[in-house]
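Number of protein chains: 2
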Amino acid sequence: MARSNSYHVCVVGLGSMGMGAARSCIAAGLQTFGSDLNPVAREALAGAGAVAVDADARGFADRLDAVLLLVVNAAQCKAVLFGEDALAARLRPGTAVMVSATISAADAKEIAVGLAEHGLLMLDAPVSGGAAKAAAGEMTVMAAGSREAFDKLRPVLDAVAGKVYEIGEEIGLGATVKIIHQLLAGVHIAAGAEAMALAARAGIPLDTMYEVVTNAAGNSWMFENRMKHVVDGDYTPKSAVDIFVKDLRLVTETALSLGFPLPLASTAYTMFANASNAGYGKEDDAAVIKTFAGIQLPGVKEK
Amino acid sequence: MARSNSYHVCVVGLGSMGMGAARSCIAAGLQTFGSDLNPVAREALAGAGAVAVDADARGFADRLDAVLLLVVNAAQCKAVLFGEDALAARLRPGTAVMVSATISAADAKEIAVGLAEHGLLMLDAPVSGGAAKAAAGEMTVMAAGSREAFDKLRPVLDAVAGKVYEIGEEIGLGATVKIIHQLLAGVHIAAGAEAMALAARAGIPLDTMYEVVTNAAGNSWMFENRMKHVVDGDYTPKSAVDIFVKDLRLVTETALSLGFPLPLASTAYTMFANASNAGYGKEDDAAVIKTFAGIQLPGVKEK
Numbered sequence: 001m002a003r004s005n006s007y008h009v010c011v012v013g014l015g016s017m018g019m020g021a022a023r024s025c026i027a028a029g030l031q032t033f034g035s036d037l038n039p040v041a042r043e044a045l046a047g048a049g050a051v052a053v054d055a056d057a058r059g060f061a062d063r064l065d066a067v068l069l070l071v072v073n074a075a076q077c078k079a080v081l082f083g084e085d086a087l088a089a090r091l092r093p094g095t096a097v098m099v100s101a102t103i104s105a106a107d108a109k110e111i112a113v114g115l116a117e118h119g120l121l122m123l124d125a126p127v128s129g130g131a132a133k134a135a136a137g138e139m140t141v142m143a144a145g146s147r148e149a150f151d152k153l154r155p156v157l158d159a160v161a162g163k164v165y166e167i168g169e170e171i172g173l174g175a176t177v178k179i180i181h182q183l184l185a186g187v188h189i190a191a192g193a194e195a196m197a198l199a200a201r202a203g204i205p206l207d208t209m210y211e212v213v214t215n216a217a218g219n220s221w222m223f224e225n226r227m228k229h230v231v232d233g234d235y236t237p238k239s240a241v242d243i244f245v246k247d248l249r250l251v252t253e254t255a256l257s258l259g260f261p262l263p264l265a266s267t268a269y270t271m272f273a274n275a276s277n278a279g280y281g282k283e284d285d286a287a288v289i290k291t292f293a294g295i296q297l298p299g300v301k302e303k
Numbered sequence: 001m002a003r004s005n006s007y008h009v010c011v012v013g014l015g016s017m018g019m020g021a022a023r024s025c026i027a028a029g030l031q032t033f034g035s036d037l038n039p040v041a042r043e044a045l046a047g048a049g050a051v052a053v054d055a056d057a058r059g060f061a062d063r064l065d066a067v068l069l070l071v072v073n074a075a076q077c078k079a080v081l082f083g084e085d086a087l088a089a090r091l092r093p094g095t096a097v098m099v100s101a102t103i104s105a106a107d108a109k110e111i112a113v114g115l116a117e118h119g120l121l122m123l124d125a126p127v128s129g130g131a132a133k134a135a136a137g138e139m140t141v142m143a144a145g146s147r148e149a150f151d152k153l154r155p156v157l158d159a160v161a162g163k164v165y166e167i168g169e170e171i172g173l174g175a176t177v178k179i180i181h182q183l184l185a186g187v188h189i190a191a192g193a194e195a196m197a198l199a200a201r202a203g204i205p206l207d208t209m210y211e212v213v214t215n216a217a218g219n220s221w222m223f224e225n226r227m228k229h230v231v232d233g234d235y236t237p238k239s240a241v242d243i244f245v246k247d248l249r250l251v252t253e254t255a256l257s258l259g260f261p262l263p264l265a266s267t268a269y270t271m272f273a274n275a276s277n278a279g280y281g282k283e284d285d286a287a288v289i290k291t292f293a294g295i296q297l298p299g300v301k302e303k
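Heads up: the sequence lines are chains H and R, in that order. First residue of the first sequence: 1, per the UniProt record's numbering; consecutive thereafter. First residue of the second sequence: 1, per the UniProt record's numbering; consecutive thereafter.
Check before you lean on any hint, since a few could be wrong.
Any copy will do: because identical chains look the same in the list, a pair fits if it lies in one copy or spans two.
Derived pair list, reagent style DSS-like, types lysine-lysine, alpha-carbon separation capped at 30 Å [stated by the list, open to error]:
1) K290 with K78
2) K301 with K163
3) K290 with K246
4) K78 with K109
5) K109 with K301
6) K78 with K228
7) K78 with K301
8) K228 with K163
9) K238 with K282
10) K301 with K290
11) K78 with K282
12) K238 with K301
If you are wondering where the hints come from, they were derived from the structure by calculation, not from laboratory data.
So that you can see chain H by itself, here it is in the shape it has in the complex:
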């Protein structure tokens, strides 16, 4: 295995997750490159100690041992790797690509086939944990791929992950585990909104309701994190409604492809899609509560 100070990795996609992962790679002593269309993000990473940053990663492709893809969806993964400025064509054979966007199993398999044509390894490796965990190098990674892919990406996994779950060898299993995780995350946000909406209707102070639930068996990670935004009346997006429209669509498509019913997740998809269509798509995902009519929600608190 390469010594970490000679290991070269490029993080493509410097949003909150990608930026945290890239900084964790730098902190771990990896030679870290960054790529994003947003110049502000590129400058931030350059200031944090990246070897180089560019809107187009092809310029340093031939120096890389690994690429970590942290873009938003499958279309962006495919555009970066195989589009007009195809990165895959410039990477050295044997380079490992860790695909960490939330995508379908079918898309993961399609990308793996495309990478194999260039002699590239793939790890199907979605992540969870949010921006704070990413910044701390403690993301949860649910990964599937060959032993060779795991071995080649070990320095990156060590740098960015608190936990790595090795689901299996078959590409697509990582994607599926992430999608099932998102089923729970999405249903829990929607259920939190439904419960808080009912509390508002019943005249229960929402801060009290929040306190009770977060100290009892009805709590969820998402309730505790997102319903605080409702209590505070602050819908500044940490993660937007439209992310869960996308993710619950993936959940629903996965279930359709397996011929399997999902009574709760399909209902939650309906709630998020309705929230987006009502104009709340760019607000924090807790804004799904705004589709409940006939209630008075807390406004923004005075600072």
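Keeping the supplied structure of chain H fixed, place chain R upon it in accordance with the hints.
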């Protein structure tokens, strides 16, 4: 306020919650009585240091400062207090009755009226936390009632509760908070079952899926607690499917009385009712997963 060694309380209903609460009262130095139709439960509490136990609490009613009702539902509350062997008629005026069953706000108000006719105080005080918290004297209590009722029951609350939320003065608010809490608990169990069923369908090992979720943002208290039973193939009831048929019915009735839609909770009610009708009513509530057809679930593990 009475010194604790002269404070007399009777716990009516010695199931897992009531037994824990009664033992906590004994541990706190209260003169503790117990009542239950089940002789095994009565003997257990007698052995743990109760002053007296009986199937019928009326025998020691005139010595009591407080009654803690931990029976299953509103019908049992009313039968104990106002039925053929009405306890309310034997309690001294000013005795406080803490009604901790999960009941509707309407039933709580009806019981308060009945108690007031006998000059008795009522605290509308449902609890949460499960058997382990009850045994440790650390239940979560969500209570509504007069200052007088809170004051009179303070020694009991100190003995049995880790947290006491004072929701307000109006009887029914405690019941409503508990019902909204149960909305979340029930939806979270059903969502956990749905996610694990999809994982089984997709060929994901359920122990891996459980590990991933419990270490990521898709976790809930109920997922972590109940889906372990699915992984272990053990449906020995800790809390039965029929409890959530009852509680999600209360949720649904509460929403109907407020003219409010609950897309997820009404779906979850459907899932639990279907599980009960399929013959799983007395199994652990995680057995709601058994209504998903076309999957292979883990069997009981070898010990």
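* Failing hints, ascending? -> 1, 5, 6 and 7
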